[in-house]
Each structure stands twice: as C-alpha cells, then as structure tokens.
Amino acid sequence: MNRYCARAPGKLILSGEHAVVYGAPAIVVAVARYTRVCFQPFHRGSSLCTALTGITRGRRLPLSALDRLRQKLDQRFEAFLAGQLSVNTILQRPDDLILYTLAQCAKHVPVVGRTKTQSPLAAGRLKTFSDLPLGAGMGSSAAAIAATMVLYEHLLNRPQTLAQRFEKVRFCERLQHGKGSAIDAAAVTFGGMQFLQEQNPCALDLSLKNWYWILSGIPECSTGECVAFVRERHKQDTALWQAFSDCTQALKSVLTSEQSPADVMKENHDLLTKIGVVPEKTRFFIEQMNRCGGAAKISGAGAMRGHHGGMILVWHPDYEALHHFLMQNYPALAWGKIEVADCGAALCDDEQ
1 MNRYCARAPG KLILSGEHAV VYGAPAIVVA VARYTRVCFQ PFHRGSSLCT ALTGITRGRR
61 LPLSALDRLR QKLDQRFEAF LAGQLSVNTI LQRPDDLILY TLAQCAKHVP VVGRTKTQSP
121 LAAGRLKTFS DLPLGAGMGS SAAAIAATMV LYEHLLNRPQ TLAQRFEKVR FCERLQHGKG
181 SAIDAAAVTF GGMQFLQEQN PCALDLSLKN WYWILSGIPE CSTGECVAFV RERHKQDTAL
241 WQAFSDCTQA LKSVLTSEQS PADVMKENHD LLTKIGVVPE KTRFFIEQMN RCGGAAKISG
301 AGAMRGHHGG MILVWHPDYE ALHHFLMQNY PALAWGKIEV ADCGAALCDD EQ
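Going by the UniProt record's numbering, the residue at position 302 of the sequence shown is 302; the numbering climbs one at a time, nothing skipped.
A portion of the hints provided could be inaccurate.
As the list claims (entries may be wrong) - Listed below are the simulated DSS-like cross-link pairs for lysine-lysine, each with C-alpha atoms no more than 27 Å apart in a straight line:
hint, residue 1, residue 2
1, 252, 274
2, 179, 274
3, 209, 252
4, 266, 281
Claimed, not checked - Okay, the calculated beta carbon distance ranges per label pair:
hint, residue 1, residue 2, range
5, 160, 74, 18 to 26 Å
6, 47, 108, 50 to 58 Å
7, 318, 81, 47 to 55 Å
Since the hints were made in silico from the structure, they are not lab data. Note that CB positions come from ideal geometry on N, CA and C, so glycine has one too.
Required output: the full structure, derived from the provided sequences and hints.
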C-alpha cells in the first residue's frame with residue numbers, strides 16, 4: 001500500500017533570538033537535518049493512528065474528534081493568554097501539535113459529498129521520523145508542523161503558497177511556544193538563509209564557510225518558558241534590544257563581506273548572557289572556544305536554569321584546531337559542519 005511522505009529542515013539562529021520578539025531583526029539558516037512525516041492509508045476505518053518515533057507510541061483518534069481537539073487547544077491557548085495556564089501546559093500530549101495541524105488543514109476543506117460531521121481526512125497511520133534533537137533549538141516543532149502541512153496539502157489537493165504556509169506554521173506553532181515564531185517558520189518554509197525584519201523574511205545568498213553546530217545538551221526548560229522569563233525582566237529595555245539589533249546588522253555585514261564574525265559573535269554572546277539565558281557550563285565552553293581561536297554563542301532560546309544551553313553556534317577558521325579541541329576536551333559532544341538546506345518543507349521519497 002502507498003505511503004506518502006513530506007519532510008522539513010531544521011534551523012539554526014545565527015543572530016536575533018529573543019530580540020526578534022521585540023522588533024529587532026534576525027538571521028536564521030535552514031539546516032540539512034530533517035523531520036519526516038509519513039501517512040499510510042487504511043482500506044477501512046474512521047480513525048487516525050499516530051506514532052512519533054523516539055517520543056511516543058502514539059494513539060488512535062477518531063477522525064471525527066479532530067475538530068473537537070482543535071477547539072480544545074484553541075481554548076487552552078486563550079487560557080494561557082489570560083494567565084490561567086503556563087506555556088508548557090497548553091499541549092497535553094506529544095502528538096497534540098501534529099493533530100492540531102491536521103485539524104487546521106481540514107478546517108477549510110469544502111463540504112462536498114459529505115456531511116458536516118464527516119472528516120475530509122482519510123483513516124490511516126501517521127508516523128514521524130526526525131534527525132533533529134528535541135528541545136535543543138533546532139526547530140523540531142516547526143519542522144513537524146511544516147512537513148505535516150505539506151503532506152496534507154497534497155493529500156487533500158489544497159496547495160498553499162509559501163507565504164500562506166509560512167503564516168499557518170506560525171499560527172500552529174503558537175501552541176508550542178506561546179507565540180508563533182517567524183524565525184522558525186521562515187526556515188522550515190522557505191529554506192536557505194533568511195533575514196527577518198519586522199517578522200518578514202528575505203532570502204540571503206551568503207556563504208557559511210567555517211561555521212559549525214555543537215549540541216551542548218538538552219535544556220531543562222522550554223523555549224516558551226525562556227521567552228516568558230526574558231519578557232518578565234527585559235521587555236521594556238529598548239536600549240538592550242537596539243544593541244541586539246545592531247549585532248544582527250553587523251553580522252549581516254561581515255557575512256556579506258566574508259570577514260571574521262568573531263567580534264560580533266562575542267558581543268552577541270555577552271548580550272545573551274546579560275538576559276540570563278546562557279547557563280554557566282555553556283558560558284565556560286564558549287569562553288574556551290574564544291581562547292582557542294574561534295567564537296561561539298548559543299543558537300536558540302538557551303536556558304535560564306540547569307547546565308545545558310542547547311545548540312551552540314561556532315565559527316572557527318581552523319577545522320583541525322577545532323577538531324583537536326573538541327576531541328581533547330569534549331569527545332562525547334555531537335557536532336558537525338553547518339550544511340544549508342536550500343529548500344523548505346516538501347514532499348519526499350519514503351526513505352529520503
């Protein structure tokens with residue numbers, strides 16, 4: 001029986017995390033590590049079975065219950081906005097976000113040849129597979145949303161423009177982080193490198209020679225918790241957000257002129273440390289990286305508690321020196337060269 005698949009890339013933020021919420025620009029790159037979503041239809045039945053590899057064995061949900069789930073999650077989001085729920089309790093199950101995305105895809109399908117209570121979705125098994133570490137700042141939730149959206153655009157024969165998909169990914173992702181991220185949505189929808197100004201993405205055709213990612217460990221707090229923590233303490237600090245904005249513009253300039261980004265990254269790291277999202281253990285690692293000839297900063301929301309800051313972005317002009325440093329001091333850390341994904345979410349082969 002046919003199985004239909006779509007995939008979306010992860011992302012790394014080069015500059016602008018947190019600050020983008022307050023109107024500052026940001027630079028993000030889509031990376032060639034993917035979340036893949038696959039659907040296999042059943043011959044008969046009226047339920048959807050989910051399985052999120054490495055997360056949960058999933059559940060069986062009647063298709064008729066999808067819209068009720070959508071309404072319930074919308075209500076929980078409103079409760080969060082009213083201060084009645086914390087951001088990390090909006091979603092109650094690991095597969096809620098994908099099922100909510102499905103319900104959004106089905107919401108506007110015309111009622112032709114079916115009753116209003118009949119779902120336009122087919123019964124079947126929905127599975128996800130991911131190369132992206134969960135909760136580490138690589139956009140795993142946005143990638144899952146975008147891949148699911150592309151898959152069901154195809155299955156329902158309801159294609160969207162990239163601009164429409166970008167907005168819908170943001171809308172669905174608000175349940176995960178409390179606010180839909182233009183950064184994540186831009187990367188997983190458009191691919192490549194994107195410069196965001198006033199939340200609007202614009203493609204940048206720039207090289208990332210000598211850039212690497214390093215996974216320092218999974219943060220103990222969610223992106224939404226970090227964003228709320230920073231908002232509570234720094235929301236009104238316009239000078240701080242202007243400093244972040246200047247950093248992002250400076251990074252764009254050095255990338256364009258192919259100069260060393262070390263000074264800009266160190267300044268960016270200092271600003272992220274100031275807002276309290278770089279754990280002490282992560283700060284120590286970044287200081288070591290600076291001393292060995294490179295530069296580093298967290299990429300993503302970071303963490304306001306615990307030892308791990310998630311993904312670390314590294315620039316180093318000497319691969320051999322970087323390799324030696326990591327093997328001598330941090331042999332267990334996962335790391336690699338940044339490989340840019342030129343395309344955003346798209347249909348793919350079953351094994352791709």
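**Request:** Given the hint that residue 209 pairs with residue 252, test it: the Cα-Cα distance must not exceed 27 Å.
**Result:** Holds, because 14 Å separates the two Cα atoms, which is no more than 27 Å.
**Request:** Kindly confirm whether 18 to 26 Å is satisfied by the beta carbon distance between residue 160 and residue 74.
**Result:** Holds, at about 20 Å.
**Item:** Supplied distance hint 47 to 55 Å, evaluated on CB atoms of residue 318 and residue 81
**Value:** holds (49 Å)
**Prompt:** Between residue 47 and residue 108, does the C-beta distance stay in 50 to 58 Å?
**Reply:** At roughly 22 Å between Cβ atoms, residue 108 and residue 47 fall outside 50 to 58 Å, so the hint is violated.
**Item:** Agreement of residue 266 and residue 281 with the hint, judged by alpha carbon distance not exceeding 27 Å
**Value:** holds (17 Å)
**Request:** Please work out if residue 179 and residue 274 have their alpha carbons no farther apart than 27 Å.
**Result:** holds (23 Å)
**Message:** Against the 27 Å threshold, does the CA-CA distance of residue 252 and residue 274 hold or violate the hint?
**Reply:** holds (22 Å)
When held up to the earlier numbered hints, the structure conflicts with hint 6 and nothing else.
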